[in-house]
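Engineer: The lines below spell out each chain.
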Amino acid sequence: MAPAQPSRAPATTGSVKHGMTMTEKILAKSSDKSKLEPGENIWVNIDVLMTHDVCGPGTIGIFKKEFGKNAKVWDKEKIVIIPDHYIFTSDERANRNVDIIRDFALEQNIKYFYDIKDLSNFKVNPDYKGVCHVALAQEGHCRPGEVLLGTDSHTCNAGAFGQFATGIGNTDAGFVMGTGKLLLKVPPTMRFVLDGEMPHYLLAKDLILQIIGEITVAGATYKSMEFVGSTVESLNMEERMTLCNMVVEAGGKNGVVPPDETTFKYLEGKTSVNYEPVYSDESAKFISEYRFDVSKLEPVVAKPHSPDNRALARECKDVKIDRVYIGSCTGGKTEDFMAAAKVFLASGKKVKVPTFLVPATQKVWIDLYSLPVPGSGGKTCSQIFEEAGCDTPASPSCGACLGGPRDTYARMNEPMVCVSTTNRNFPGRMGHKEGQIYLASPYTAAASALTGYVTDPREFL
Amino acid sequence: MATTLSSIQAPVSTICAFSQRPHCPTGTQSLLFVSKPSNYVIFAKTSYSFKPSKIRPITALRATPSSSPPTTFHGQCYVLGDNIDTDQIIPAEHLTLVPSKPDEYKKLGSFAFSGLPTSLYPIPFIQPGTDSTQYPIIIAGANFGCGSSREHAPVALGAAGVRAVVAESYARIFFRNSVATGEVYPIELEHEGVNKQCTTGDIVTVDLDRNVFINHTKGKEFVLKPIGDAGPVIDAGGIFAYARKTGMISSMV
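Chains G and B are the protein sequences, given in the same order. First residue of the first sequence: 1, per the numbering used here; consecutive thereafter. First residue of the second sequence: 1, per the numbering used here; consecutive thereafter.
Please keep in mind that the hints were generated in silico from the structure rather than gathered at the bench. Note that the Cβ used here is the ideal one computed from N, Cα and C, for glycine as well. There may be inaccurate statements among the hints.
As the list claims (entries may be wrong) - Some chain B residues close to chain G (C-beta under 10 Å, calculated; not the full set):
hint, residue
1, N83
2, T118
3, R176
Same shape as in the complex, but just chain B (with noise of 0.2 Å):
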């Protein structure tokens, strides 16, 4: 798959589009495959094809910061334990990379969860040669994203191709930082112990709409909690797309 990335800062949120837009920003021939909502897009040419397990959601194009987050996010799961904290995420000897240069953040996502102890993880979260992974969901237990405040640990996860974090609880940090930068969406579970009737590789949909997270291959449902305070926030676009819409700073020349 080859891509190549270039970071733009747009006021957009959910856009998905497979197709030459002509008011595209950038005003490139690509394929915009950012399901999230953010204050800063990833703009992707790729000639990949696409397999049912990449499906992302798809909504209109738009130009001004909108208030439909996405709903449905599916894909292959990668299960972990509780109190997975941000070295194990992203190791600190590759925090020299700036997450705000577009190829440094794509190296960044090379290294996700390259600190998991392969003797409690066999399973490479992305199979060696490439850069990014095949689970864009990850389940997990309690405590996810412990430790550090770097905003290198969900940026790499984004950047890795995650686009849902579904877990028991959260650290603070890294669920604020999750929220903030729009790279990876952080849900929670209603109940404990789903991540122990989940095995890596199961096919899985979380669906916002009606809270839930279904995991196909074992048949299962398990209850997601509401998204609470954070809701506005994603809902505006990230941190500075709220300001701007409450009135809190002025928009962007």
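Bound conformation, chain G alone (with noise of 0.2 Å):
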């Protein structure tokens, strides 16, 4: 599967032992290096940096003090400010955080900060785009052979497209703003093999809640997780996000996917940038593998409390639920409703319980009311989602997937069972301490929904 490269000069690479890997060789492009081993400590020049509302007013609080109340970012083209967290709501110090994030881009005249000012109505904010994770990729600002880093432990979100993506806090962040680097270990290199034919009624998040479940929540950490096979080729970008979102459930550093056609397809039109995509030499060293036959693999779900508490979505079947909630970086894009749609559309029947919907960006919620879901005779998610039975379609943020303020919508204020296509159920995530949260694809999600209780889709599809 390897795809023709030029062939480098011995004289270029020195003696080098073995190869390296995709992450490794990102690493060193980016730290201006001929070759490093999983490790080292190297200082990387960053290509993007990404933070929000909830961690960018600390963020720039750090930058100001280090550098002065006057310094200028390193790179006004290369910070993207995106507010998406607690957006929708009257928590006056959440509102204040979005001001300061926009205070700051017009101070240092920061080319992308996509902003909201009107609460009431999301749809009068042209700027907005919503869940940063998913803005970052529609808006082009991930490429291959990047490094991209965001105050956002989902970041890794973006290796999807074949670059360095991870999440950090706001010390570091503050660090990058004014300098354009930060100190970073070069990790090793997990390799997940996934090959076989996906079966119709399995999804991207069924397959990365297996991985977490069989490696456990500490399995990656400190290392890059990178995933090829034929299943992965056959995935479009936005199942790929799912599969490198998750990472950091497992502990991992970073995710990484092969750029290839699909990945350019997706890209055209999105960004002017150049870019250059890297892919793992045959000699690379990994530091183990894991290969899954997909074809084999069932529905799972992640009860709670754990990401890793995996279990087999028939084999909860019994467990009687209050609420679904599709929605989050993880699984509110485009394709994760579609996917929810489908299922509805084939049991033709209304849910059970209360179904909330919420979509990750501005785009997301466009494509829910206009793109005619296929076998539907030309039915938008929106309407088959309606004649389901579930709550309209909300405003796009990260919403409840975190809790966040009181009046968030779809928060879990009381303790409830949830079956959610977010990415983490430990206690108190969703608001309750004592709410119960089971991790799912959509198409378990909505399953669940039309039954009542925990249910593989396979029930319907």
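Since each chain sits alone in its own frame, please combine them into the complex, following the hints.
Structural biologist: Have a look at this one:
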């Protein structure tokens, strides 16, 4: 499957004992080194720094404290500021935090600031996007071979584009803001080979929950997770993002998928920046390798209260649920809603529990109301959702994935059982400490909404 | 305990003094009780009386970055299990608080570990009606700090009065944030199961010179792992100080 690459003359490589993995190559390129080994601490040049309304103010505070209140950011075109976490709320501090990042964006003349001013109607804010990781992809900020850092753990989502992308805290981000560099340790790479034809009832969420269940929530700590194989190649970009999104749930530093035609096609028209894809060498060393025959896998869930508490969906069919949540960077993209719509369409019935839909971005929201769902005779997702009795798709944001201020839409304010397409189910994640969250694919979430119990989507598909 | 906090950026690492210092950067009468390498320092005026469990390491006030981080931490410990994630350390609804604002920094501290299920952890980390903890040392199992990249997590712990976390292992972003901010000292145990041999309230000492963790109440000693790669960054005083020391960025204007 290795694509054609120009061969490098020995003089340029020195005495290389073995090749490098994708992650090692990206970091080598970005630190102006010809080669490096896992474990090395290196200064890396950053291509894009992302921050949002929750961590932006703290990052800005540190930047000004360390570099001076009149300091300028290292590159006003390489910082992307995306309000997305606590937007549609009356919480004064949350609203103030959006003002803080706006003031900074104006002061620094930040090119990419996806502002929102009118909270009562997201549609009248032309710049507003929504969930940062999906917005980064949709706006063409994710490019093969680059280094992307964000003040959010799910920044690893962008690894789907064959780049090094990871989450950092405010202090590190403040440092990057001023210098455009960060001290990073090169992670060894774990390789996950996914082969076999993807069954029609499985989605990328099932694959990553399968993997996390296999290696546990600390199985990939300080490591890179590389996803290859025929199944991965068959996934579209949004599905690849779902895969890389939850790398952090296994403790992973970053995830990567080798870029290919699917990647390049997605990027057409989204970015005018030149990029250079890199690929793992044939002789690269991986710290471990896991192989999966995807054709033999079944829909899975992560039971409370850990993303690695894996169980077959069909073995949880006696678990009565109180609600379903479809949204977040992990499970609120257009493809995720299309998948849910497919299940509702196949069933033709109405949901038995409140079913909350939170599109990740404005673009996703528009897709729900405009794109026809295959096999539906021209119906849109929104029509199918309405017929199934779901809640009206909400304003795009992170929503209740992480609870948030008390008035956040779909926040769990009492103990209840929820099937969710989100990424974490630790105690209190969606609000109430005694809430029980079952992480699942959009297929499984929709199927569960229809029965009122955790349900394997094969009941309908 | 009446305390006001003001945060000031000053290139000092370990400082602990209990009298007025004329060359103190703020020029005020202050009790400095930051015993951690940090690129910023909290100065506090307080009028509480010291109990042995609140003793913090004392070294001379330095005006320039120093390479002598704290060597011991002592006090009551709070014991936790495995996989304590950032939502339990600081629930997301409190993330509207901005850590770089001094008053909000303090408020974050008051919510530290408020996400712990009370059925598993009946002893409150922070006594109701107070805003800081009596447990300066945390003992935990594996994968401490997993979940989000929110720097509010180590900040909340530091603001609450935690000096060190002694855990079997850490999630990487939490560890990195602890080192970068200097808010809590993230220490690793050599062996598993230490948290099962400790009880919340035990009097403990963490000795980084000898790399041992001593539980005085239980009469047991455990081996600590040396700090490793993070050492030079912590010794320098955090990522900014390290970068200045190694010439990566010029000194602060």
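Engineer: State for each hint whether it applies.
Structural biologist: Structure-based check of all given hints:
1. At its closest, the beta carbon of N83/B sits 6 Å from a beta carbon of chain G; the interface hint therefore holds under the 10 Å criterion.
2. Nearest Cβ of chain G to the Cβ of T118/B: about 8 Å, under the 10 Å cut. The hint holds.
3. Given the 10 Å rule on beta carbons, the hint for R176/B holds: about 7 Å separates it from the nearest Cβ of chain G.
This entry satisfies every hint, going by the numbered hints stated previously.
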